[in-house]
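The listed protein sequences correspond, in order, to chains L and A.
Here the first sequence is numbered in UniProt numbering, starting from 1 and rising by one per residue.
Here the second sequence is numbered in UniProt numbering, starting from 1 and rising by one per residue.
Do not rely on the hints blindly, as some may be mistaken.
One copy or any two copies: either way a pair holds, since identical chains are not told apart in the list.
Unchecked claim - Under the rule of at most 27 Å between Cα atoms (straight-line distance), these lysine-lysine pairs were calculated in the DSSO-like manner:
| id | residue 1 | residue 2 |
| --- | --- | --- |
| 1 | Lys308 | Lys394 |
| 2 | Lys389 | Lys25 |
| 3 | Lys394 | Lys147 |
| 4 | Lys107 | Lys147 |
| 5 | Lys73 | Lys107 |
| 6 | Lys287 | Lys25 |
| 7 | Lys100 | Lys129 |
| 8 | Lys285 | Lys33 |
No lab work stands behind these hints: they were computed from the structure.
Number of protein chains: 2
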Amino acid sequence: MKNIVLPLLGVLACSAPALAQQAEKVDQAMVAKIKDEGLNRSKVMETAFYLTDVSGPRLANSPGLMRASEWAKKQLTDWGLAKANIESWGDFGRGWEIEKSYVAMTKPYYKAMSGTPKAWTPSTNGLIKKQVVLVKVSSEADLEKYKGQLRDKVIVTEVTSMPKLGLEPDARRYTDEELQKMAAPVVADASPRRPAMTDEQRDAMRARAALRSKLAPFFISEGAAAVLSNPRGGSVGTYFTSNGAPYAADAQPVLPELEMATEDQLRLIRLVEAGIPVEVELETKTKFQTQDLKGYNVVAEIPGTDRKLKNEIVMLGGHLDSWHAGTGATDNAAGCAVMMEAVRILEALNVKPRRTIRIALWSAEEEGLHGSKNYVKNHFADPATMQLKPEHEKLAAYFNLDNGAGKIRGIYAQGNEAVMPIFASWLQPLNELGATTVTARTTGGTDHLSFDAVGLPGFQFIQDPLDYGTRTHHTNMDTYERLPPEDLKQASVVVATFVYNAAMRDQKLPRKALPTAKAVGQR
Amino acid sequence: MKNIVLPLLGVLACSAPALAQQAEKVDQAMVAKIKDEGLNRSKVMETAFYLTDVSGPRLANSPGLMRASEWAKKQLTDWGLAKANIESWGDFGRGWEIEKSYVAMTKPYYKAMSGTPKAWTPSTNGLIKKQVVLVKVSSEADLEKYKGQLRDKVIVTEVTSMPKLGLEPDARRYTDEELQKMAAPVVADASPRRPAMTDEQRDAMRARAALRSKLAPFFISEGAAAVLSNPRGGSVGTYFTSNGAPYAADAQPVLPELEMATEDQLRLIRLVEAGIPVEVELETKTKFQTQDLKGYNVVAEIPGTDRKLKNEIVMLGGHLDSWHAGTGATDNAAGCAVMMEAVRILEALNVKPRRTIRIALWSAEEEGLHGSKNYVKNHFADPATMQLKPEHEKLAAYFNLDNGAGKIRGIYAQGNEAVMPIFASWLQPLNELGATTVTARTTGGTDHLSFDAVGLPGFQFIQDPLDYGTRTHHTNMDTYERLPPEDLKQASVVVATFVYNAAMRDQKLPRKALPTAKAVGQR
């Protein structure tokens with residue numbers, strides 16, 4: 001394979017060995033040192049421990065996120081990075097955290113239940129004990145039948161996704177075949193990884209959203225006490241969590257609401273449907289932070305040393321914020337710990353990069369990539385106008401990690417044809433660690449999109465999926481236990497190598513054509 | 001295969017088709033009716049719902065078990081069974097249930113945690129908020145270092161079984177190959193399914209038990225407030241539960257103790273080990289029932305109609321009691337619901353069995369098969385003396401179901417060579433439902449052993465393992481969701497067929513040689 005030269009024209013993906021024909025200098029000795037430091041003296045799990053267990057959940061603008069930000073700033077400084085800073089990116093909204101959360105069924109018998117207040121929902125009026133009413137609403141007309149039925153009740157809403165027998169494993173790794181498929185040539189207008197919705201699906205989604213927006217005012221006007229919900233399934237104790245109210249300072253009021261373990265929610269539902277009176281007791285105490293409504297990213301640098309190139313920047317990052325039922329271990333303490341470990345490795349090796357290396361730990365990614373979007377807007381360009389700032393031409397590359405805790409199997413070129421042979425060369429000494437694949441495909445859902453949106457070369461790595469899609473993404477089970485140390489060590493070595501190569505290369509990484517100005521898209 | 005006649009002498013297992021060469025009358029029309037009723041008009045899931053969700057956890061002598069017993073007695077009567085009764089089998093001990101259970105970490109930040117009071121542990125003194133101390137004890141000498149350190153503290157003990165990445169499925173079914181292996185001939189002294197412990201393992205187990213028995217008095221004498229433990233692992237929110245104190249009325253005192261979700265326990269441990277002060281708050285309120293210390297089984301009959309045979313009995317059963325963190329759905333509401341459904345099917349078909357069919361739902365199985373052992377002792381024989389009671393010769397067979405919620409794949413002949421061709425014939429019309437295999441092997445762990453111990457033909461079916469061993473057996477996740485309806489329907493049809501055949505057969509089922517008198521072994 002090594003001797004076959006494939007024509008690159010009209011082809012956006014290719015196997016790594018073939019692409020590597022394009023001569024690209026790689027400092028093999030330095031890669032060996034990075035491997036040695038990253039695999040044998042890793043601190044990535046210690047970093048992950050401080051970001052997860054010690055900081056706690058890191059909801060946007062929460063005290064947990066601020067603990068993690070302060071710790072990261074200090075740790076990066078202690079490792080020798082320069083200009084470590086917690087940098088405001090603009091206005092976000094209210095912070096919020098849980099001070100107490102308890103829910104149990106008290107009739108027909110006692111059963112402590114598992115649930116978590118939805119983000120930005122208010123407290124209950126102390127410990128309340130109420131009868132349960134099951135509310136099934138699929139259209140606005142359905143609300144009518146609950147008029148006068150909800151006063152002083154705890155509302156239980158439907159479960160639409162039923163637990164399945166676990167005949168499939170929670171976790172998986174990419175097979176060679178899957179990776180080869182990702183590396184295979186695709187047509188120039190590579191379709192996005194997640195196909196766009198059909199018009200029908202979009203209409204249905206909008207109708208559901210419109211209905212949802214009417215529920216809270218209805219429940220409040222009817223005098224209900226609280227809501228127990230499970231809108232997205234999950235099984236064997238795993239449940240998903242999100243926000244139950246906007247984070248905006250002027251958000252409309254909602255009821256206290258807990259997202260519940262599927263098994264507990266289903267038991268309540270089955271009992272009510274069988275005509276058996278059900279009573280629950282619950283207490284949630286939540287605290288809003290309204291003193292500082294700004295959002296913040298953590299940044300720090302390894303200064304460049306090349307007279308001509310030191311004003312150019314190679315960036316790496318991941319989002320530090322998380323949802324709040326777990327500790328955001330795979331989403332995305334993992335990515336942040338790997339990025340921090342990558343710069344720690346480079347500092348430990350005392351590299352003198354030609355370009356400046358800048359790490360950024362974003363905030364409010366979960367609410368719409370706000371930290372990275374605003375950083376890009378403040379530093380590089382606003383995609384709405386495409387008026388470029390001076391720094392726009394200085395960015396050599398941005399590397400992102402936010403697809404769970406799986407090891408890196410390659411990288412998405414994000415439709416950037418010219419960068420593919422370069423990445424293939426960089427991957428060669430990392431092949432033995434399982435990182436082999438350059439795909440032309442684009443991938444979405446995280447902060448490299450903010451760079452891509454203004455024509456900057458922003459990339460997300462391909463990671464083994466593990467149990468991210470089934471068990472950890474936005475769930476109460478996204479905890480430190482879900483982080484496989486060997487995967488995170490491997491990822492740290494790959495990222496450190498990529499960042500080092502990008503900082504040392506004679507040229508910045510090639511870019512795609514600049515996009516035209518457009519309104520900022522919502523994720 | 002059907003035409004090959006295998007010699008049975010010296011062989012204790014054989015494939016079903018070969019064994020079926022032995023002519024055994026099977027009423028094919030009745031089997032078809034049983035299938036129709038059991039597969040098309042099943043009530044097994046409704047029964048399972050009342051045993052689990054409606055009754056709640058069914059710890060031995062708890063109010064939950066009494067609710068389930070009363071419901072089963074009434075339901076069996078409503079279906080037309082005779083002599084439904086809640087029959088005392090003798091002395092058990094205290095009942096116990098949870099009236100409140102709440103536990104949360106309050107420092108370094110707030111996190112509601114998941115845990116369940118161990119059975120028969122006492123209440124906390126209201127809501128307590130205490131500092132956490134990690135206690136690691138592997139020998140009695142280790143206790144010394146905690147002297148004076150535990151006053152007014154919550155003790156956190158070690159986790160010895162770490163969560164694993166879920167690369168293997170929770171649930172599985174037997175493969176054809178596995179079933180063929182079970183059906184293959186084995187030597188006469190078939191080794192038990194679970195190999196006995198080595199002397200070394202037994203010594204180590206005894207040493208651990210001896211050490212454990214010293215912990216509670218030590219913790220109490222040191223003035224500790226409560227214990228949080230996770231002695232048996234589990235992952236992604238699943239944890240095991242058992243008793244934390246004896247059920248005997250004169251049991252020594254212990255501290256309040258909760259069995260914790262592995263993730264929550266590990267977070268506490270990691271924080272304490274990193275030198276970070278950890279505080280928890282908890283409240284458990286548990287209630288002991290000491291009015292009635294007797295244990296009870298539920299029994300009911302379909303009376304026999306053959307003048308000569310109606311005093312003979314075919315029994316079927318499963319244990320109704322459970323552990324208490326879930327609702328004992330797979331252990332063993334599943335088995336009870338299937339057994340109840342089997343007699344419902346037979347009642348619905350208005351069968352007039354020659355022999356009397358008697359269902360028994362046992363109690364206190366989890367504490368040592370007490371319900372069935374004492375039933376056998378009261379009705380048939382005491383294995384300690386082997387003095388046979390008159391009913392001993394009247395029992396045609398006992399069929400048990402207690403290996404989770406998986407469909408029936410065959411039956412353990414329990415070393416009874418003579419019964420194998422009969423079972424093979426009975427399975428033939430059930431082969432199409434996946435029930436194919438007769439194995440000579442013995443299986444243990446449940447109530448058929450009580451019959452087998454006095455030379456009565458007691459059998460447990462082979463069931464697909466599903467997620468019984470990984471996810472549900474004695475865990476907080478043993479809930480209604482873990483019951484696959486199609487599996488329980490299939491099992492009901494198989495059991496109804498076996499019971500019917502045993503009730504109609506000219507002869508009782510063949511027996512093994514009578515055992516000699518021996519002290520009752522502990523499970």
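Hint check:
no. : hint            : verdict
1   : Lys308 - Lys394 : within (11 Å within a copy, 100 Å between copies)
2   : Lys389 - Lys25  : neither (31 Å within a copy, 91 Å between copies)
3   : Lys394 - Lys147 : neither (61 Å within a copy, 63 Å between copies)
4   : Lys107 - Lys147 : within (24 Å within a copy, 43 Å between copies)
5   : Lys73 - Lys107  : between (49 Å within a copy, 22 Å between copies)
6   : Lys287 - Lys25  : neither (54 Å within a copy, 73 Å between copies)
7   : Lys100 - Lys129 : both (16 Å within a copy, 13 Å between copies)
8   : Lys285 - Lys33  : neither (50 Å within a copy, 58 Å between copies)
Comparing the model with each earlier hint shows violations of hints 2, 3, 6 and 8; every other hint is respected.
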